[in-house]
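Participant: Residue numbers (the working numbering), protein chains in the order written: chain A, 1 to 314; chain B, 315 to 627; chain C, 628 to 928.
In case anyone wonders, no lab produced these hints; they're calculated from the structure. All C-beta atoms in this analysis are idealised placements derived from N, C-alpha and C, irrespective of residue type, glycine included.
Cβ pair distances, simulated, as ranges:
id	chain 1	residue 1	chain 2	residue 2	range
1	A	Leu298	C	Ala849	40 to 48 Å
2	C	Leu816	A	Ile81	55 to 63 Å
3	B	Val564	A	Leu298	38 to 46 Å
4	B	Arg337	A	Arg190	24 to 32 Å
Computed footprint of chain B on chain A, listed as stretches where at least three residues anywhere in the stretch have a Cβ under 8 Å from a Cβ of chain B:
id	region
5	103 to 109
6	121 to 132
7	141 to 155
8	168 to 175
9	202 to 215
10	282 to 293
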Amino acid sequence: MTGRTAALRESPAQDAVRRALAGNRMQLGQIWFQALLMAALLVALGVLVSLLIDVFERGGQMLAQRGVDFLTASTSSNPTIAGVGQGIFGSLLIVLFVLLFAFPVGIGAAIYIEEYARDTILTRVLNTAVRNLAGVPAIVYGLLGLAVFVIIAASFTGGRSVIAGGLTMAALVMPIVVITTAESLRAVPRSIREAGFGVGATKWQVIRHHVLPYAAPGIFTGSILTISRAFGETAPLVLAGGVLGGFATRPGLGVVETLQGPYTALPLIVFNWARQPSEEFRQLSAAAIIVLLAIILLLNGAAILLRNRFEKRW
Amino acid sequence: MTGAQLAPRLSLTDLRGSPGRRRRETLIRSLFLAAAAVSLLISALIVLTLVGRALDFVSRVDLADLLSVGWLPRRGYFDIATIVAGTLVITAIGMVIATPLGLGAAIYLSEYASPRRRRALKPIIELLAGIPSVVLGFYAIAVLAPAIVQPLCGSNSIFSMGAAGIGVGILITPLIASVAEDAMHAVPMSLREASYGLGARKRSTSLRVVLPAAVSGVVAALILGVSRGIGETMVVSIAAGAVGGSVFTVNPCLPGQTMTAAMTALATGSDQAQIGAELAVPSLFFVGLLLFLMTLALNLVSERFVRRVRRGY
Amino acid sequence: MTIQAPEIAPSDARPGPDVQREVRIDIRPMMQTKPDVQPTHAAEPAEVVFKLTYFSAWYGTFRAVKEISLDIGARRITSIIGPSGTGKSTLLRAFNRMNDLIEGARVSGTVTYHGVDLYAPEVDPVEVRRRIGMVFQKPNPFPKTIYENVAFGPRVAGVRGKKNLDEIVESSLRRAAIWDEVKDKLDGLGTALSGGQQQRLCIARAIAVSPDVILMDEPCSALDPIATLRIEELMWELKQNYTIIIVTHNMQQAARASDETVFLTMGDDRAGYLVEQGPTAQVFTNPQNRLTEDYVSGRFG
Ligand SMILES: Nc1ncnc2c1ncn2[C@@H]1O[C@H](COP(=O)(O)OP(=O)(O)OP(=O)(O)O)[C@@H](O)[C@H]1O
Ligand SMILES: [Mg+2]
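The shape of chain A in the complex, shown without the other chains (with noise of 0.2 Å):
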């Protein structure tokens, strides 16, 4: 440590000098300063890999006997007949809320703060209920849901219902796509808007010819990484009505009851099932985690790539 200190005041000759008397040992603290570094990334990766062995070791076998049986079959109390069926389908209904909602109003607020806010008052207040939005807590969101969703707007959501619950996760995940597509935006260089405009193009002609191309591939990343994680958000979810259940079946339900009905999604399901003490649930919990696992890295596994492809080209 002192020697360190002192190599620092001494001339870069007179360190080259003692760096070659003493190399050996120094050079050890190196290596072994770089080890412990590269420790912290092995942690995280042996973190990812234990939690997918005790996963398959777990859920593994009992999925592959019951393949797609697990993967349509309604939740139960019986253990070896229940799924993750209503799951899947409450988790999809979600994403097309997301879809339906949070894309367009997150990607059209983030073009006019990009593109059309002049440096106002209200665009200050704007960015700054964003930015402050995408840090609130996911159980907050709920509380919202709770109260907004579920209670006030119960005529129209039918209470704890889907409806509420994707558009609890809408609201959740907006600040999201507005933060990445506007990072995406701010990436296009100026002259090629210069160059739209140069050539008489109306705002709206720059943007959707010129601006919205260019930035695409960040955006289109963006949004996979924002399904995935409205895959796998539970905290709103439970506060916004999700319940073990699932979807009501009775025959003759038309889709606005069902929608108006009870729900239930992937995640829920896996922090229902692991919260019981039995083993036979651990199990059930652990091949949903891993249909959920296979949804969310497929997707994030693909932003990635694509990311990466498209930062080796600009």
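Fit chains B and C with the ligands to the supplied structure of chain A, relying on the hints for placement.
Facilitator: Just chains B and C with the ligands now, kept in the frame of chain A:
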């Protein structure tokens, strides 16, 4: 002659553009403005909901119940200290885990890894960041609790704040790593070169030059980590136990209740309408407001630090 | 004499003649090859396209250009010269309201275009930019095909039909003297061309909307001498139909390629102001102002 020459051969109307086009542009602009306004609406709704319903709770609760033996909402005890303490214990354990891991990974990626290796290794962090917290909750209770916490504590309950804390630590590691790495990456190469020029090695350069230069960003990363830890819900709800409530404790070997888990516990309780629990749902919003204010304050502070990084270079 | 009112947007001459030419490396002797115009500033200038009166431009609270009054004549090449930071680009971008795009930028004084106040509240900058095109310092083709680069302007201006667009693309590329080099790869990326080709593509893109004026901001600064000469020759061709204003740091280029020269410099407040304007020959050989003389002879800046 002069008159003829200066006679305008173009009039203002020629430069007015088509009114249809201008109207369309204005319409499109308003649509985007409306989209942007939705984020304001959501912010306003969050604040109004939380404040309104929290006030409702405070006005109805017996204030003495806010400082009592524990957080047992179904019995009418709403001791805030219990759930705040639980939150802080779990967040502290999480930070003890995540700080060395996150910063170590950040220094390695930013200072040691070759661009190629960086490209190959960074996805580990990103994949870890993508794991849903409900899955890490399962990991905490199924792997961490029996493998680490139970032997250390000598306890036979699988529920503990310790296991939840480690789970939260794993959850916030990638966040700390990526924010800190961004900050270190932004340190100009010239600073490192100056350090090498003085004969310093990579280790001293990393620890004494790059880390201090990036200190704002690193601090911001840690604050964000704390904020995320405080707001984390699923890991705690699964692994910390104490579903029905908890008496005050700070012992990481014992089950405990956090602000977030208190909320999910109330929402998933089998029967929402138990006797004496009519304040249970309103209490959710009171806790939510507390949580919102804590994370908001932390996020604002961290944002200030991040801005300092940007201004620095 | 009465001057005929020219059409703002020349719709004739399309498809234009093939202006493909050899690159001449020998630099044209200064001034001598200039054909017709020998206008002196005092004499009646051709026709005034732009008239600036006490024009100033601000970025926030900083005044970049101060109280400039000048006229710019039609169908000739006017070059704007001056040391770095004197507001040449700012002035140029004022002619087609490109500065509107910059947050906090504003102007005072008047700029008229064919007698119409360019900054009147009713004026639509989009309409202005369709008549007054621009070529930028760094070639900035869209990251799209060569065809799309040229066709975009006409398309947003309302030209429809593949045949019409094909025609415009070809004639614009021909006029920009790049047709022969790209006619076989119109579907190739514009960004894959060489720097000089990219800049000529940008010129083609600018003329594709049949503008009246072309503004060029140091169009050759990123190019090698041969590519530069090609662009200069091209400007020479284009001035038959267009009014051209060019900002340049290259004295020889200003002397070689322009009819009129505007010299800006800046005062202690760092605001650029007009020192001298006149026929290029006069500004370079017989400057009226000491500052101009120092600058054009290379003693300053
Ligand atoms: N977007 C802007 N915001 C603030 N100030 C600006 C902006 N663009 C230019 N300026 C300032 O205005 C002054 C004039 O800039 P301008 O680019 O017009 O000069 P120039 O003569 O074109 O210089 P150069 O020869 O280097 O291109 C400079 O002091 C510059 O710093
Ligand atoms: Mg310039």
